[in-house]
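Engineer: Order-wise, the sequence lines are chains A and Y. With my numbering applied, the first sequence corresponds to residues 1 to 344, in that order. With my numbering applied, the second sequence corresponds to residues 1001 to 1305, in that order.
Note that these hints are calculated values from the structure, not bench results. The structure presented is a predicted model; accordingly, all values stated were derived computationally and were not measured. None of the hints are false.
In silico lysine to any residue, SDA-like type, Cα no more than 25 Å apart, as pairs:
no.: 1; chain 1: Y; residue 1: 1122; chain 2: A; residue 2: 26
no.: 2; chain 1: Y; residue 1: 1122; chain 2: A; residue 2: 64
no.: 3; chain 1: A; residue 1: 91; chain 2: Y; residue 2: 1125
Computed beta-carbon distance windows for the label pairs:
no.: 4; chain 1: Y; residue 1: 1102; chain 2: A; residue 2: 95; range: 39 to 49 Å
no.: 5; chain 1: Y; residue 1: 1216; chain 2: A; residue 2: 284; range: 33 to 43 Å
no.: 6; chain 1: Y; residue 1: 1102; chain 2: A; residue 2: 200; range: 50 to 60 Å
Note that CB positions come from ideal geometry on N, CA and C, so glycine has one too.
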Amino acid sequence: MHPPPSSQSDVVLDVRNMTTEFTTKWGRVRAVDDVSYQVRRGETLGVVGESGSGKSVTALSIMRLVPSPAGRIVGGEVFLNGRDLLKLSDKEMSKVRGGEISMILQDPMQALNPVFTVGQQVGETIRIHEGLRGRPLADKVIEALKKVRIPAPERRVKDYPHQLSGGMRQRVVGAIGISSSPSVVIADEPTTSLDVTIQAAYLRLLRQLQDEYGLAIVFITHDFGVVAKMCHRVAVMYAGRIVEMADVRTIFNNPLHEYTKALIGSVPRMDADGDRLPQLDGQPPLLHDLPAGDAFAPRSKLEFSPEDAGVRPELVEVEEGHWVQLSRPSVAAFDHYSHMVSYG
Amino acid sequence: MFAFLRKRLVASVLAVLIVTVIVFVLARLQGDPRTLYLDENMSQETYEALGRELGLDRPVVVQYFIFIGNVATGDLGISMHQRTPVADIVMERLPATLKLAVAGFLFSLLVGVPLGILSAVKRGSVWDVAGRGFAVLGHSLPSFWVGIMAIFVFSVQLGWLPPFGDGGLDHYILPAIALGWAAAGGQMRLVRSAMLETLDSQYIVLARAKGVNERDIVFKHALRNALLAPLTFAGLTLGSLITGAIIIETVFAWPGLGLLAINAVVASDYAILQGVMIVITVLYIVTSLLVDLIYGWIDPRIRYD
Chain A
1 MHPPPSSQSD
11 VVLDVRNMTT
21 EFTTKWGRVR
31 AVDDVSYQVR
41 RGETLGVVGE
51 SGSGKSVTAL
61 SIMRLVPSPA
71 GRIVGGEVFL
81 NGRDLLKLSD
91 KEMSKVRGGE
101 ISMILQDPMQ
111 ALNPVFTVGQ
121 QVGETIRIHE
131 GLRGRPLADK
141 VIEALKKVRI
151 PAPERRVKDY
161 PHQLSGGMRQ
171 RVVGAIGISS
181 SPSVVIADEP
191 TTSLDVTIQA
201 AYLRLLRQLQ
211 DEYGLAIVFI
221 THDFGVVAKM
231 CHRVAVMYAG
241 RIVEMADVRT
251 IFNNPLHEYT
261 KALIGSVPRM
271 DADGDRLPQL
281 DGQPPLLHDL
291 PAGDAFAPRS
301 KLEFSPEDAG
311 VRPELVEVEE
321 GHWVQLSRPS
331 VAAFDHYSHM
341 VSYG
Chain Y
1001 MFAFLRKRLV
1011 ASVLAVLIVT
1021 VIVFVLARLQ
1031 GDPRTLYLDE
1041 NMSQETYEAL
1051 GRELGLDRPV
1061 VVQYFIFIGN
1071 VATGDLGISM
1081 HQRTPVADIV
1091 MERLPATLKL
1101 AVAGFLFSLL
1111 VGVPLGILSA
1121 VKRGSVWDVA
1131 GRGFAVLGHS
1141 LPSFWVGIMA
1151 IFVFSVQLGW
1161 LPPFGDGGLD
1171 HYILPAIALG
1181 WAAAGGQMRL
1191 VRSAMLETLD
1201 SQYIVLARAK
1211 GVNERDIVFK
1221 HALRNALLAP
1231 LTFAGLTLGS
1241 LITGAIIIET
1251 VFAWPGLGLL
1261 AINAVVASDY
1271 AILQGVMIVI
1281 TVLYIVTSLL
1291 VDLIYGWIDP
1301 RIRYD
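With the hints as constraints, model all of the structure from the sequences given.
Structural biologist: In structure tokens:
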């Protein structure tokens, strides 16, 4: 694991109070609720949570690709290298997408267009953002494929996605992601559909690319095992909100929120005894039917009075760089933080 | 690509052969053709002489091979009533039918495909509602009724367009709409659902994340993937428009194969019917073959299998 970047001033992506809602048949649903995080140059921020926790919708909101008209960003700011993306015109935004900020999507089987060759799909990004055509474009495509260590790129450019293996396809998606030298890459579960050895190789590749180009990576996953290998800092999301955020060492050594502890506890360990993994009771919340106040209260092992459960917990910086959502019972459980929280 | 081509060609030839068997058997099922030529008081000698002339004295299997041999060399027999070669009569009428079918086909494509794209891209909008209404009407209104109403309104009442017959471009408008509306409706629905499905896919999200503009998203990334099902339908449509022309030609007094076939039925001129059937099925098979080839061109996964 390479060291995390030290400078505080290197923030390239600064998401503030992002809130995104969807109109569904059950009414308005808040999929992302007041989420803020920063990513620095050369840093990987892991965003972890169950499906439906809002981690992917946050990413789509940053890219302004929330499916409309159902979904809508209702508040917040997204500063990319100092510019608020939410204030850009559609045309300006489409120049930013794939240029300054790019995305690596989850399923390489689905993420590539089946009717275009690898070369056409990688070339499209470069053509859009660098205006290259013809021979220089072809050279740049091969260069991009080389960057993601695709063997014999001169031949691969003429292949269609269905002629490549899953790992190769994911590399092509990666090549599209980095081909126009972005400052931020959002990787949405990039390794979920790959088998373990290919996954490890791909993660290594991402880290190498990060070192070479100083990429800031937002790494979305539900797998804490991958987080440990990949990320400098971690934000844990639940029901559209960040419940805990800290550097990766703190998250593993001193998790404070019950939900974080449960997620870490459910990673299989080679050295553990016993035959059952610990599990978190209850179901992930339904966003259209969120309990008012503390969404996690129904699954908590702590005792919540109805009044406690009705209080919306604040995200509090309990030590430097370590943010936790503190509910009243959890504060009582670790008394020494209580002076930092005040409930009205 | 060549293996693909060869496979399709072999399948097409087989299909044509099967059709000739069916046509041959159907013709025999109509009974003894000699009874159509001769009156009840014919002598046994005349009867047998005609049988020899028509080749009916040979075994059935031999008759079949003579039949396909003739078909293969373009000999479709002699019309009993007009006493001229069927091939000449059919070929004389074929262009009119083809032109009408192509006109209906173009109408179905030029209206159905853009309307389907529009409905999908502007889902739930006025365009979508109007497009789907157009499709439902096209499916539910019988084409001959549409033809008659169109003549009544646009020719008789308004006097804008000619009511019948072949001629300039204006002669094509009403029959093309009457013939192509149902197909246009089907095409619209297929394009719409295929577009909705592709627009929802991951590679469209990725294309957007790459910064591809909305026009290229719709017409380049989505449309080409969405075209497969509509393309099959278009191929079938062109075939069925050729057969569908039979009714529309009657309504618009269009001098094509359809009118020829109807008159042949009335006159029991089965040689002509047989000729029309063979020509139409061969056309149908050729269009299917073309569709398969276009498939391979659009979707690389088919080409390389």
